[in-house]
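Next come the chains, spelled out residue by residue.
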Amino acid sequence: MKASKTNLETLISKRLDGLLDENDQLVLDRELIRDPQARQMMDAYREADGLAARALDEVVADRSDAIDPQAWIDGVSQQRGASPVHRGWWLVPGSIAAGLLAILVNSLTVAPPPSSSIQMARGPQVTHVTKPQPTMGRVVPISAQPRQGDVMRNASMAPQQKIRRDTSHNSYGIMGREGVLYWIEVDRMRTIKRPNPKANDHPVLHEM
Amino acid sequence: MPWTSEFDEDLPLIQAIQGGDSYAFGELVRRHDRWIRGVLFGVLGKSDRLDDVAQQTWTSMWVRIGELRDATKWKSWLYRLARNAAIDAGRDRTRRRKHAKASAAQAMAGVGERGEPGSPESSLAKSEASREVLMAIEALPVLYREPFVLRHLSGWSYREIAEVMNMPVDSVETRLVRARRFLRESLADKLESLR
Chain A
103 MKASKTNLET LISKRLDGLL DENDQLVLDR ELIRDPQARQ MMDAYREADG
153 LAARALDEVV ADRSDAIDPQ AWIDGVSQQR GASPVHRGWW LVPGSIAAGL
203 LAILVNSLTV APPPSSSIQM ARGPQVTHVT KPQPTMGRVV PISAQPRQGD
253 VMRNASMAPQ QKIRRDTSHN SYGIMGREGV LYWIEVDRMR TIKRPNPKAN
303 DHPVLHEM
Chain B
3 MPWTSEFDED LPLIQAIQGG DSYAFGELVR RHDRWIRGVL FGVLGKSDRL
53 DDVAQQTWTS MWVRIGELRD ATKWKSWLYR LARNAAIDAG RDRTRRRKHA
103 KASAAQAMAG VGERGEPGSP ESSLAKSEAS REVLMAIEAL PVLYREPFVL
153 RHLSGWSYRE IAEVMNMPVD SVETRLVRAR RFLRESLADK LESLR
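These protein sequences, in sequence, are chains A and B.
According to the working numbering, the first sequence is numbered sequentially starting from 103.
According to the working numbering, the second sequence is numbered sequentially starting from 3.
Isolated chain A (complex conformation) (with noise of 0.2 Å):
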């Protein structure tokens, strides 16, 4: 079967490269051996890429005695100032550095619980603003104004956030979906240690 005109270049520039399997090797051998001007055509395209191979030889001539790659790292060492490996050493210093500015911003925007005695044995939950437990507290729908007295000390703060405290109850401000501010009032309960002398007794709960 006679090669095509591209099937034969394809043939020709294959076994250039060396890479004509045995197939393809026996159909262009048939080729070359039967049409002259396939002759001619591989002669051409070997003297081509002899040529080409020859040029481009002297394009990119072996440089390895002119080349100093040490000179090159220290041209970039001594304007960056620093190895590739070290470039990352200021991340060290400047985490540590982000984290104690995030603590200090922190703990201006947020105050600390008022220093007391008596400790929260458990708080009361969100849902309780949707389905308020008569035994945890009440829950009353207001304008959004806070009451004169109330102590809110901005008006970011979460809906949880405890903004008023006394001896008997805690409030709290949630505001809702539609707008509606809501007053929670939930009885306190605290845990009183008593002295005891047996260690395995546990402290007694008492709500007041």
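Hints are not guaranteed to be accurate.
Each computed SDA-like pair below joins lysine to any residue, with the alpha-carbon atoms no more than 20 Å apart [unchecked claim]:
id: 1; chain 1: B; residue 1: Lys48; chain 2: B; residue 2: Tyr160
id: 2; chain 1: A; residue 1: Lys107; chain 2: B; residue 2: Arg183
id: 3; chain 1: A; residue 1: Lys116; chain 2: B; residue 2: Tyr160
id: 4; chain 1: A; residue 1: Lys116; chain 2: B; residue 2: Ala164
id: 5; chain 1: A; residue 1: Lys116; chain 2: B; residue 2: Gly157
id: 6; chain 1: A; residue 1: Lys116; chain 2: B; residue 2: Arg183
id: 7; chain 1: A; residue 1: Lys107; chain 2: B; residue 2: Thr176
id: 8; chain 1: B; residue 1: Lys192; chain 2: A; residue 2: Asp145
id: 9; chain 1: A; residue 1: Lys116; chain 2: B; residue 2: Val179
id: 10; chain 1: A; residue 1: Lys116; chain 2: B; residue 2: Lys192
id: 11; chain 1: B; residue 1: Lys192; chain 2: A; residue 2: Gln142
Since the hints were derived computationally from the structure, they do not count as laboratory data.
Because the structure is a prediction, the values reported are computed rather than measured.
Got chain A; can you put chain B on it based on the hints?
Quick look at chain B alone, frame taken from chain A:
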């Protein structure tokens, strides 16, 4: 990828370079400078700035080695660095050429691409025949020139070329055939005299 999963004798060098070993870097440069220049020439199509751009490529590799996540793919990564450096250098060349044209009226006659003073192009082409052939290679469309130069200078297989150039092996084969056809046709009337 089968190519990258094969044993790579340069991988220890790459890992050493990642650890800041400048000796390993020098060794890698000596081993692979040839094909890096091939990539640069394949993209630029000119040989006059090869030394500068090759050095830029290698120093860029040293500086950015931390960005190489998978050391086994260092060759593709380095190829992209070289290619980008060549593209940048090509843009710079275009800018310089425009600038040269704009100031041609004021500057001395003959300032231009081929007449740039101090151009080492002529010294690189040692013979007239090579210069003719080199001009024919430079005239190849970059699409064909790049795989052709890589094939000749690096001796890479089609698969290796396909992987670094991110194209199918068949495309590499086709481009090589077309590059050779283009070259043969442009040198057809000169082959006799070049012998």
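### Query
Checking against the hints above, which ones are violated?
When the structure is compared with the hints, numbers 1, 10 turn out to be violated.
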